[in-house]
Amino acid sequence: MSDSDDPFEPRRPGTDPERESDGRGYLSVDEIPETAPARELDWATRLANATPSLPRLLKYAIAITVAVLWIVPFLGLFMASLRPLNEIIQGWWHLEGMTLTLENYQQAWTYRTAPMRRALINTLIVTVPAVLVVMLLGAMAAYPFARFEFPLKTTLFFLILLVMAAPPELVAMGNYNTLREVGLFDTYMGLILVHIGWGLGWVVLFLRNYLLGIPKELEEAARIDGASRYQIFRTIILPLSTPALVSVAVIQFTWVWNAFFFPLVFMRSPELYLAPQVLPLMRGRIQVEWGLVAAGSVMTMIVPVLLFLTLERYYKQGMVAAVTD
Amino acid sequence: MDSLRNSLQRLDPRSGHGADEPVSREREGNRFAQLRGSDFVESIPFWLPATLLVLLFVYGAIGWNVAISFTGWSGLGQPDYTNFTLEMYRQMPADQNFRASLRNTVALLVAFTSVSLVVGLGLALLVDRKIRFENTFRTIYLLPMALSFVVTAIFWSWMYASDGLINTTLAAVGLEALAFDWLGDPRFKLAAVIFALVWQFSGYCMIVYLAGLRSIPDDHYEAARIDGASTLTLYRRVIIPQLRSSTIGATVVLMVFALKAFDFIYVMFGDNPGRSADILAVTMYRQAFSASEWAYGAAIAVVLFALALTIIGPYAYTQYKRGAL
Numbered sequence: 000m001s002d003s004d005d006p007f008e009p010r011r012p013g014t015d016p017e018r019e020s021d022g023r024g025y026l027s028v029d030e031i032p033e034t035a036p037a038r039e040l041d042w043a044t045r046l047a048n049a050t051p052s053l054p055r056l057l058k059y060a061i062a063i064t065v066a067v068l069w070i071v072p073f074l075g076l077f078m079a080s081l082r083p084l085n086e087i088i089q090g091w092w093h094l095e096g097m098t099l100t101l102e103n104y105q106q107a108w109t110y111r112t113a114p115m116r117r118a119l120i121n122t123l124i125v126t127v128p129a130v131l132v133v134m135l136l137g138a139m140a141a142y143p144f145a146r147f148e149f150p151l152k153t154t155l156f157f158l159i160l161l162v163m164a165a166p167p168e169l170v171a172m173g174n175y176n177t178l179r180e181v182g183l184f185d186t187y188m189g190l191i192l193v194h195i196g197w198g199l200g201w202v203v204l205f206l207r208n209y210l211l212g213i214p215k216e217l218e219e220a221a222r223i224d225g226a227s228r229y230q231i232f233r234t235i236i237l238p239l240s241t242p243a244l245v246s247v248a249v250i251q252f253t254w255v256w257n258a259f260f261f262p263l264v265f266m267r268s269p270e271l272y273l274a275p276q277v278l279p280l281m282r283g284r285i286q287v288e289w290g291l292v293a294a295g296s297v298m299t300m301i302v303p304v305l306l307f308l309t310l311e312r313y314y315k316q317g318m319v320a321a322v323t324d
Numbered sequence: 000m001d002s003l004r005n006s007l008q009r010l011d012p013r014s015g016h017g018a019d020e021p022v023s024r025e026r027e028g029n030r031f032a033q034l035r036g037s038d039f040v041e042s043i044p045f046w047l048p049a050t051l052l053v054l055l056f057v058y059g060a061i062g063w064n065v066a067i068s069f070t071g072w073s074g075l076g077q078p079d080y081t082n083f084t085l086e087m088y089r090q091m092p093a094d095q096n097f098r099a100s101l102r103n104t105v106a107l108l109v110a111f112t113s114v115s116l117v118v119g120l121g122l123a124l125l126v127d128r129k130i131r132f133e134n135t136f137r138t139i140y141l142l143p144m145a146l147s148f149v150v151t152a153i154f155w156s157w158m159y160a161s162d163g164l165i166n167t168t169l170a171a172v173g174l175e176a177l178a179f180d181w182l183g184d185p186r187f188k189l190a191a192v193i194f195a196l197v198w199q200f201s202g203y204c205m206i207v208y209l210a211g212l213r214s215i216p217d218d219h220y221e222a223a224r225i226d227g228a229s230t231l232t233l234y235r236r237v238i239i240p241q242l243r244s245s246t247i248g249a250t251v252v253l254m255v256f257a258l259k260a261f262d263f264i265y266v267m268f269g270d271n272p273g274r275s276a277d278i279l280a281v282t283m284y285r286q287a288f289s290a291s292e293w294a295y296g297a298a299i300a301v302v303l304f305a306l307a308l309t310i311i312g313p314y315a316y317t318q319y320k321r322g323a324l
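Chains as they are written, first to last, in numbering that gives the first Met the number 0: chain A, 0 to 324; chain B, 0 to 324.
For the record, the hints were derived by calculation from the structure and aren't laboratory data. Computed from a predicted model, the values in this text were never measured in an experiment. Only true hints are included.
Lysine-lysine pairs mimicking DSS-like chemistry, simulated, CA-CA at most 25 angstroms apart:
1) A:K152 <-> A:K215
2) B:K129 <-> A:K58
3) A:K152 <-> B:K320
Here chain A is said to cover these stretches of chain B; the calculated rule only asks that three of the stretch's residues, wherever they fall, bring their Cβ under 8 angstroms from a Cβ of chain A:
4) 115–128
5) 278–291
Cβ atoms here follow ideal geometry from the backbone N, Cα and C, with glycine treated the same way.
Based on the sequences and whatever the hints tell you, model everything.
Shown next, in the form of structure tokens:
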């Protein structure tokens, strides 16, 4: 290669590449090895390659249109949360004379009936134990269903699985009464217990299928060495199922954090409200304060969305595994 | 018992040798068949906590709910469980509101599920066609799944508002005639809900289909190409038939999601959306928790459960026959 040869150096349009190759030391088209990057082609060929054919153009046009359609609501919410009400009412998509303010966030943070500050903490108080306990109990139950042979195994397994078929409305009234009887109504403990019972169905199925896909050799070796079931569970099963447990954690977290129906039925004191319960209140009755609602929505969704974006792989694995086993 | 087994295994000169393992496992099976009981005893602490929670908070609640539906209880005092009556179920067929919400629930199930599947399949095929930024597109399409129904309902009701983005866009491109009061007009209420739900869930169908597409062996495509199949034939004869199990799995999950559309409709319209958008879940909540018609609400929840079982029952049964569960 000659001294002035830089494959990324732009070429003057309109010059003949053949002549250039002797005069200025560029490679001619014929000299370029087949494995060379496309950039070393002359500009005309490059342009022809870059000009999309109709199907390709169509493909990207559809992909981008759908992506825009998917993004617009997020964008609108975000814009509205940062602008004063009088600007939003004229349409958040008008960019001229845009004023950015954190007023809405401040208002939502200290909203009078149920400030977001407290609602978000409340949601966290409910979500974290509901997720951790489901992970632990689910893994514990999945282990014997995947590895032991005992009478009643199939029956018990089905008993837990059927939970997935029951709509939440079906257990709302019964649990309303149960929690009243035991004095856990309108407490986080009650709500957490309902969430745990509710989540166990798919978690046990998912973890058990995951364990079935892991070879047993390690456990058998440990048993021969005299390890107890408990030791095997703690030192082999739990570490091996870490990826599946992360999937469980992400999905269950999103699920419990976003839940609306159970809190609506079981949490009645405004100071105990969870974030999804507060949002509809903020909307008010007559004049909707979109900025306030938007700020509250952004605050509510930021945690699960960030979690989703960082652990997307695990989220997808869990969601797909539920149907493709 | 366990230690006995271990010591016997140690005495067996062949145990511990990898090559003989299948034999020794089989022998173990015969010799210790009577110890199965101990496996059962050992397994109890693992599955018992999960099973108890499920029994109490799911089955207990379902049982209580069914019991209430057979009383005439309307919220005051204690229900009289000795007074068995089918009155609640008998009054359903004559109840116009109930019939409307049953019809809407079925319409929602069918329309939402089929549209989501079609959109999801389209997105999956699009993303699978060696598109650039595939990961970005996939993430964008799936992102709505991470949102709370409450947030989705709030910003879609904003999009649908008479001066919202949808109508503004229609006006801007000269289609004022198509700008309706989406959430006020009985003709469009349910369709508006379905559209927003499709927006939220077609990303889920996409990942299920993508997993299905990627599990089709490459030689199937090649064989079809060598036979001179056109792209259309390729899709119709090779790809779509292989996605059957993905479709069935996704359908079941979507229908279960659709039954949870409560959050969505409740946030958009409150607990009385009118006959054009009422669904069973909302009717149940209104009867039980707003009108204190406990027994009637419970009976509606039972109908909802029956609906869910007719969807999931056959699927669970075929999965069980196949040995997948």
